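**Student:** Chain order of the listed sequences is F and B.
Each residue of the first sequence is one higher than the one before, starting from 4 at the first, in the working numbering.
Each residue of the second sequence is one higher than the one before, starting from 928 at the first, in the working numbering.
Hint data in this document are derived by calculation from the structure and do not stem from the laboratory.
The structure presented is a predicted model; accordingly, all values stated were derived computationally and were not measured.
Do not take every clue at face value.
Below 20 Å or equal to it, Euclidean Cα-Cα: the simulated DMTMM-like pairs (lysine to aspartate or glutamate) are [to be verified]:
no.	chain 1	residue 1	chain 2	residue 2
1	F	Lys196	B	Asp1126
2	F	Lys193	F	Asp211
3	F	Lys193	B	Glu1021
4	F	Lys193	F	Glu135
5	F	Lys466	B	Glu982
6	F	Lys193	B	Asp967
7	F	Lys84	F	Glu290
8	F	Lys196	B	Glu982
9	F	Lys196	B	Asp986
10	F	Lys193	B	Asp986
11	F	Lys466	B	Asp967
12	F	Lys196	B	Glu1021
13	F	Lys67	F	Asp436
14	F	Lys132	B	Asp986
15	F	Lys193	B	Glu1025
16	F	Lys132	B	Glu982
Only part of the chain F face toward chain B is listed, based on derived beta-carbon distances under 7 Å [what the hints assert, rightly or not]:
no.	residue
17	Gly137
18	Ala144
19	Arg248
20	Asp324
Non-contacting residues of chain F with respect to chain B, defined by C-beta distances greater than 12 Å in every case (computed) [what the hints assert, rightly or not]:
no.	residue
21	Gln62
22	Ser104
23	Gly112
24	Ala139
25	Arg159
26	Ala398
27	Asp430
Even for Gly, the Cβ is constructed at its ideal location relative to N, Cα and C.
Read off the chains here:
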Amino acid sequence: MPANRLRTLAAAALAPLLAVVAGCSTGATPAAEAAGQPRSGGGLTWAVETEPITLNPHQYAQAKARLLVWNTFESLLTYDKQGKLAPWLATGWQVAPDGLSYTLTLRDGVIFSDGTPLDATAVKANIDKLREPGYAPAVAAVQLRNLTAVEVVDPRTVRLILTTPDVLILDFLASPQGAQISPRSLREAKNLKAGGVDVVGTGPFVLDRYVAGQELHYRRNPGYDWAPPTATHTGPAYLDEVTYRFLKESAVRVGALTSSQVQVIEGVPATDQPLVTGNRALRLTRELNSGSAYSYYFNTSHPPFDDVRVRQAFREAVDVDTVLRSVYRDTATRAWSVISPSSPLYDKRLDGSAYSGDAAKANSLLDQAGWTARDAEGYRVKAGKRLTVRLVQSAPFVRDRRDVLAQAVQAAVKRSAGIDLKVSLVDQGTATDAIQRNEYEVFDNSRADTDAGAALNLLLHSKGGINRTQINDPGIDQLLEAGQAAVDPTKRAGIYADLQQRVVVEQALLLPLYAPADQIAASTGVGGVRFEPTAGVPASAYDLWIGK
Amino acid sequence: MSSPPVRAVARRLGTGLVVLWVAATAAYLALLAAPGDTVDNIVGDGADTPQIRAEIIADWGLDRPAVVQYLDYLGRLGGGDLGRSYLLQRPVTEVIGEQLAPTLTLAVAAAGLGVLLALLIAVATAGYRRPWLRRLSSGTELLLVSTPSFLIGLLLLSVLSFRFGFFPVSGDQGVVALVLPAVTLALPIAGLLAQVLRDGIDKALDEPFVLTARSRGVRERSVLVRHALRHAVLPAVSLAGWVFGIVIGGTVIVEQVFGRPGLGQVTLSAVTTRDMPVVLAVVTLSAAGYVVVNTTADLAYLLVDPRLRRS
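Based on the provided sequences and hints, a complete structural model is requested.
**Tutor:** Right under this line is the structure:
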């Protein structure tokens, strides 16, 4: 999309100008909580990058919309900082010894903002709705594929019956898709799948205004008293009201913040970060997302990446640290595995290991693989064919300047090993077409699942929905299935460690690049700015307050 | 007596309907021919299993032959039903309905401002009275016409909003928030229209009737505004369709930069995700807009040029 490229360029060109215009002053970083003690009252405006395509949590599909979901909706479980499950609307759960049923006890006194109490019938209504044909096909086919029935044991107890042991059902219960909607909304909402003010939940805020293309407005839910243990306070939210305004251009978000038109923004790209860190009235915080790292997956179904030596050579040909620094300055965190380093399932043995941008090694591996000759342009050739690999990026899903990163990798592999990486930035239809016709050798992706196991099932299982390496290895499938069935966390981590060794070290199926992160920039007058534990995305407005 | 005008109006309406049908069909065919199929686009980058695909196909009736889907679409379009958005899961009439007003407000404000500016500039700089002003003005016009509105918008924002705080950055919050987006869109329009108008005035000033008027002792300002400008307006009126296009196209960028609600944002996301019902509705609606604007322009000729009225 040339228009997109043009705007990126224009934004880059404008950044220094904006710095001058905004009149930033340099200064020391402020103390952690300059806003003083938490206090109740007031309202603020938060500029967000992404307008959610739906406000119904069951239909949730955008990690960037997660912070909005938890204002009005809540799930039965949540994750704490260590990545362990914590109670929320459910006070606890019990797994049957055979792993085939989960019994949940619901918290007392929780009511939806339309007055309906949250009880076992309400939970059953939500899960049954999710399994209704045509309502949420992605949830029914992936997260709930092993669920056969939901039983109401008594008003406070609900039981989920599975066909096969599946610990990821707990991840579903902690996910936005597992959030509880008032049964009355499920029956009566005008546009249930799109959500809106008439689709209500139990959360600390109530959505009372949605102006499409412009903003969402929430007011405090005064009766709220069931915050999860991961929050920093209990009782109703501090803020009377909060407005989320959609500002898609990062330069505009930062400008709105530096001119005090908004108090909080999310999504601050590397080029704009100096504007925030250089301003004493502002504070920048960042956190790594959970899920899978941003990686290049190698298509093993045809040459040249059917040869493990070529896959290894491609990895050695990229000096990842240098490439990341040139694109993101020092704001990116390098990834070493298919799993993000912030996930509890990440195998720490991979830190700084495996491959190191060793051009000599890359060249000797390619020589061994038979790519010995070079053509006039310096690319390696074998049997008259150039060593060309294609990366097709779908423009609507390119974020974090991944198109620029691809150009940096392209230059690196050409220079150090004579590999011809062809990058094309196309519309989604063209990208899907290329993948279906198997006309690609490199596939780029990151996923923001709270439980990395869910991401790996899609990416690495031979029957996975986005198995773009097209690997069909019974060993990998077995490990993934064992990981999904393992109830004991230590045993489970061990299984995923084995899996990472196999996938990253032995088979070199991918080149991990960086761990996606989210950033929040806020006025120092705003307190309680934090990220959702484990997910690593901006948290809801529940803990925010305005200092005096 | 009244039958020729009635027939003329009927013919215009008929032509308009044909234009609409052609536009709707062309858009339909273009989307059909574009790579990737509808199911892929609904799936997006989410989970993808045969079961999910089957449900989507059943849900949207995508298993019917293309011709049947097309006829069904035309039939519903004729009845005013624009279908349901793949992505937003809401009726398209509703999606577009609530976004139409902000875009129209912006478009009218921008077009009005652009025309006004163009008239002022053209009248002030036409003729050979002030060569330096003329040079300055045509240089600025060229710059404005060739600068992407994205850049103009960001510059206006960074100076007038971020630095001095005269105007709010975002949203549809009354007249104050309309100023910067409208100016951003109006400047390129003003730039081009001013050049066309000035050119027209210059030509008219060389005509014999101006000499006649002057010799009758008509004041220079009056010559310029009442006689020359009137001639110059004709070619400018024929640019009305172009202005409409600039404004509608420009809203895509301007609404994005200023965080304004409107059709531009809807169009952008619908095109990138190939949300077919929304794209088709926007194309048909824009075609209808063109038809209305061009018909109005034709009528305006009659008003401006008495010669056309007689024939």
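**Student:** Determine for every hint whether it applies to the structure shown.
**Tutor:** Status of the hints after comparison with the structure:
no. : hint                      : result
1   : Lys196(F) with Asp1126(B) : violated (56 Å)
2   : Lys193(F) with Asp211(F)  : holds (15 Å)
3   : Lys193(F) with Glu1021(B) : holds (12 Å)
4   : Lys193(F) with Glu135(F)  : holds (17 Å)
5   : Lys466(F) with Glu982(B)  : holds (19 Å)
6   : Lys193(F) with Asp967(B)  : violated (27 Å)
7   : Lys84(F) with Glu290(F)   : holds (12 Å)
8   : Lys196(F) with Glu982(B)  : holds (15 Å)
9   : Lys196(F) with Asp986(B)  : holds (13 Å)
10  : Lys193(F) with Asp986(B)  : holds (18 Å)
11  : Lys466(F) with Asp967(B)  : holds (18 Å)
12  : Lys196(F) with Glu1021(B) : holds (14 Å)
13  : Lys67(F) with Asp436(F)   : violated (26 Å)
14  : Lys132(F) with Asp986(B)  : holds (16 Å)
15  : Lys193(F) with Glu1025(B) : holds (16 Å)
16  : Lys132(F) with Glu982(B)  : holds (15 Å)
17  : Gly137                    : holds (5 Å)
18  : Ala144                    : holds (5 Å)
19  : Arg248                    : holds (5 Å)
20  : Asp324                    : violated (28 Å)
21  : Gln62                     : violated (7 Å)
22  : Ser104                    : holds (24 Å)
23  : Gly112                    : holds (33 Å)
24  : Ala139                    : violated (10 Å)
25  : Arg159                    : holds (32 Å)
26  : Ala398                    : violated (7 Å)
27  : Asp430                    : violated (7 Å)
Taken one by one, the earlier hints fail for this structure at numbers 1, 6, 13, 20, 21, 24, 26, 27, listed in ascending order.
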